[in-house]
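Line by line, the protein sequences are chains A and B. For the first sequence, the working numbering assigns the number 2 to the initial residue and increments by one for each residue that follows. For the second sequence, the working numbering assigns the number 5 to the initial residue and increments by one for each residue that follows.
None of the hints are false.
Here are the simulated BS3-like pairs of lysine-lysine, each with C-alpha atoms no more than 27 angstroms apart in a straight line:
| id | chain 1 | residue 1 | chain 2 | residue 2 |
| --- | --- | --- | --- | --- |
| 1 | B | K415 | B | K403 |
| 2 | B | K205 | A | K134 |
| 3 | B | K198 | A | K134 |
| 4 | A | K74 | A | K134 |
| 5 | B | K196 | A | K134 |
It is worth saying that the hints were derived from the structure and are not from the lab.
What follows is the residue order along each chain.
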Amino acid sequence: MTFEVGSGLSIGVILATVILVAAMLIWVERRLLSFWQERLGPNRVGPFGLLQVVADMIKIFTKEDWVPPFADKFSFVLAPAIIMTVILMSFSVVPFAPGVGVVDSNIGVLFVLAMASLGAYSVMLAGLSSDNKYALLGALRAAAQMISYEVFMGISILGVVALSGTFNLREIVLAQEENGWYVIPQFIGFVIFLIAGVAESHRLPFDIPEAEQEICAGYHTEYSGMKFGMFFVGEYLGLVLIASLITVLFFGGWLGPAFLPPIVWFSLKAFAFIAFFILLRAAIPRPRYDQLMSYGWLFLLPVSLLNLLITGAIILSTS
Amino acid sequence: MISNTGNNSRSTGQVSAALVQLRQMHGNLIVTEQVTCDGMPTVWIERQSIDIVLRALRDETTPRFEMLFDLTAIDERLRSNRDGQPDSEFTVVYHLMSFSGNCDFRIKVALQDSDLSIPSIVRLWPNANWYEREAWDMFGIQFDGHPNLCRIVLPPTWKGHALRKEHPARATEMEPFTLDDDQLDYEQEALKFKPEDWGMKRESENSEFMFLNLGPNHPSVHGAFRIALQLDGEILVDAVPDIGYHHRGAEKMGERQSWHTYIPYTDRIDYLGGVLNNLPYVMAVEKMAGIEVPERVKVIRVMLCEMFRICSHLLFYGTFAQDVGQLSPIFYMFVERERIFNIIESICGARMHPGWFRIGGVAQDLPNGWEKRIQELLDFMPARLDEYDSMVMNNGILKRRTQGVGVYDTKEALNWGVTGAGLRATGLEWDFRKQRPYSGYENFDFDVPIAVNGDSYDRCAIRVEEMRQSLRIIKQCMDNMPSGHYKSDHPLTTPPRKENTMQDIETLINHFLSVSWGPVIPPNEVTMAVEATKGINSYYLVSDGSTTSYRTRIRTPSFAHLQMIPEISRGFMVADLIAIIASIDFVMADVDR
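Same shape as in the complex, but just chain B:
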């Protein structure tokens, strides 16, 4: 296997500690162990022992695994390279994360199509709720004991389970779409919110509740997102977030696009993150291909990522102020964002979705005079950020609207899978860039801001400070840009370097195949994560030794964050709910994929 450089290098030692303990405690329950190129311990178990093993990893091992980072499934029926893995038609994959030990653990359970069921783990981790619903929605896997196993991403009337291999991936493989009046009524009826399904009462002892449909089109739900509210007057009794209106089947598309042509799709996952979305994907593919990228590529990538982080945070900052009724900041911040986009455009040629990273490098070298443009950014930003502090963060009304609203502590955050600024606002100093440096972040000098109250105001304050830290990183990138090539000299780099193609035939053939068919990535599995704009974004890729991915799993931070909304907004007023939603910083594309 390829050496464990990069993402999980620090964690390998500690992970095996947990694995050793698990072998001692429940060795009889382990069916087999699998080796993956990311070095993450991967253990196959039987479905009846899922509760015992996960509970042991959560409570008994050192380090403990506090977070259910991801839960997903793989349709294995068409996969040919499964050496040493137990016979399985559908594999459920649990990805646990330890913050105390800074390591990961992967549990797999083999299931057969004839008996697709597995015990639910909602009792262990509340955030398993949505992940299990998603796995049911996409694969038809039954989770026994789940409180309300219904579709989550696809419409409630959908036929079939979209990520199964037999489900068509293109509209052209399906019947032409029609919607007559009867069907329209049927679809509308299916969308109607029925409180009883969610265990809600229609009235209390002394009042009747109002059920308010906030969204999918509402000025402050930041996209097509719906929350059904149970209100007593203006007080929120309970809420049910309803997602899926922005679903584009990004994971399914990963199975039909070549490794290279999928890059632009990743841009649009968190559509405010730009190339920051490319990074975990290309790093994952590079890991499987065994590509080491040159230092210059790493620094260019970091620089662009931090610029996009600032852009995304600026938009968050403006909309946050706007959602508590302050009209102007968003316009100032758009001016700023526009200036940064101009710089990004002069480097990448595009603004919001450059799709600029490549497997093994970036698309082009930096243009002549790029330092001047970056210096521009470093000159104008700090003063403007200070100005915004006095305008937004120090505003008395804004403080009264957001302080103490939507509070959660570190334990709750870990239980619900919260990452990013929302986690750091509770006082846990945990930034992926610091804890598990990737793409050379260990060479940069920057601080990880934290706050202690875990309320809406703190979540905003963290992001404001992060913008200043990003500026520091960008300055270091500019001052220490290594020389070298912008692409790795590796046969799987896509598109490969062209210099030698006219000299020898082997290189020419390789170049031709790589550009026309796309690279063939050796069979393997890998998880690669980055600190994205909104939290930890990770790609779990399964390669079956072909030009396309066998399974592309995108774990996005916003999905987990939205699930938590009812938990942190009960008892508040409608206006507070808006402040809470604003402070989460999500885009629906990132939630629904």
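Looking at chain A on its own, in the form it has when it is part of the complex:
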């Protein structure tokens, strides 16, 4: 078995790495947040508190995994599985480096967007099946937020697609080798994708579906044990995915000076965005749900459409 795109070995390695990285992010986030907040963070378990993740995992696996008697059992169990599955599926089209990836799909971009849409089901099902009022409010907010922000997310990357002429993520990276990183011609697209990405992964400041101060934990209020753990790790997986996609679409993926191997370049870039998302969480308050909606539809939508229109006009006039 060889390590090439699509081989069993590479699928296994990528799957394990992605999940491991997502789990380690629990530690990274807590340490970074505490660094920015004048405190220490978890530093007791293992060197620099690195084994905190192991401790958390042991706790989460051994906790009672309780399904409330009033919940709709089937969809209650299904919901956390969906989020894990769709996000891991999305990783299959991400080109990490030359020769590293799961599939080279010609519809890579569309596949990611499709998976993101399915992700909304997880949150909605979780909220509805819990039969809890806080979860219900969370699910309503999540449905509105995720579906709206998918629209802007989709439109914001159409500029990149138009410039590179392909939906294949690997070819988009290769196209940037000749044309330079797309963050320069598509800066507006990048900003909108970034904002929509935060909204999609519902992290602070856009963690409205699970706003702790308002609706406890929103859609996953009733979850415990590993089912909660799946939402928890799913959120970090989503974070890694968004950071990877930004790297691929706008920052030239694995491209970089040759003194470092491509996979390291990819990881560095992706990590920079992950750290940026964590910084956002430390810095910005949460807008109200209707403010977020009107911001999306009244500001992001026209701007992203305009961006697409201008990109199209430039491509037409230069070709």
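With chain A fixed as given, assemble chain B onto it according to the hints.
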């Protein structure tokens, strides 16, 4: 009577003006007038004339009394020193406050146990609602015409009325507590929210309402506090705050602790206020005992109080930002607060609840080198406060979340008994420290910040500015600390000065009795209030000439503020409600006592 120094000295002249007018208008309704050592005009009337008299004081006299400051009752059945007071088994006490005239008025109504009822005054002042419920809860007094007279502080299933003298004060006087399954179900059923009890409909013409139980355990209700929400989607139609989960019977404990040993309990009323809570209590006792404290004591007290004000405001500031979703400020502010607590610890020996004030002074003198520690505080705080301004107050998202949310004007504020920053945010420049200086506040140079919009953002902005003013006061304390003794040389000072005990036997006996039994405070009544961290905090003490208080009434600002929540949050969204709650700045210990 002892001369009217301190709290109400300025108001005496104007108060008698209102009293003179009342005598002219309704002289026939006045049963008798009582003299108390705080100089507040106190008038006994019959219960059927309560509406006329209160209405006259609210609308007709000059000055008008805009606020029902407090409403409470006294169980008089065991009281021996009642010279000149009408025969009464239960006395209902109304405390009115005038902001235009800067004075107070006390109305008392005598009731007999066999016929414990009195007309409700909810129509006159909406905030009477909770006060009357509390009086019913605690004394069993029926308020005729009250919209929903049910228990408020004690559990709905409670037997008896806790502040009546026959009700046990200690758990050891009661049966051992048990809770079997049937009882558990019964208690849970009693806690269930029934919208019909509050005149709420379950559905409107085109939608069914959702009733959401926010609390008693919820991340942003700041303690054990429950609000039942009536929601149309995410829009708040109505709300019913439910309090009492943090009730510890502080007023009842006042009747069994000695005057001295009650001081630590006051610390825990507004548990963020520390010694600031001791102040109205010890001042009230000093008033009745006739103790004049030395200048040094006054300045030490002011300095410590202002440090606690900063601590409390910092915590408010951080949680306010956190409740609108900003994670970091609370951590920065905790660092600051910790540094101030370290300074407080080096002075008092304890951090949050030093219980450091004493009747007639403070517990110890300031430690050597205290100026250095205070200077530390004055050096680091201003820069940090500026930093927080740019982080929190100037943040666009935070402004959009809080400006125009939870607005009320001065008239509404007075109607609902709002005091403190919530009142000043409506544009009324009224600070107890300025209007009725106590403990020497008249000697300090500081400003009273006000705002004009009366919204959540303004309430926060006021407190931020108050921290800067507190720093100014602390600096003046440091620069002008008088020399002298840290305790008054008065026999009722507790514990008394010890210097002469080894020289003469009288002093030794006095010291021994005062330390073992506690001081005996002469029979009297007094109300003493201060500008606490959250509004006006006042103690109404009744002494029957014994080592314990006969009745301790604690009027806390947060109680009144919480009652107003439904009024100012209707029509907003759940997220706004959280911002409104955050902007009120309350702790449940201060509400439930």
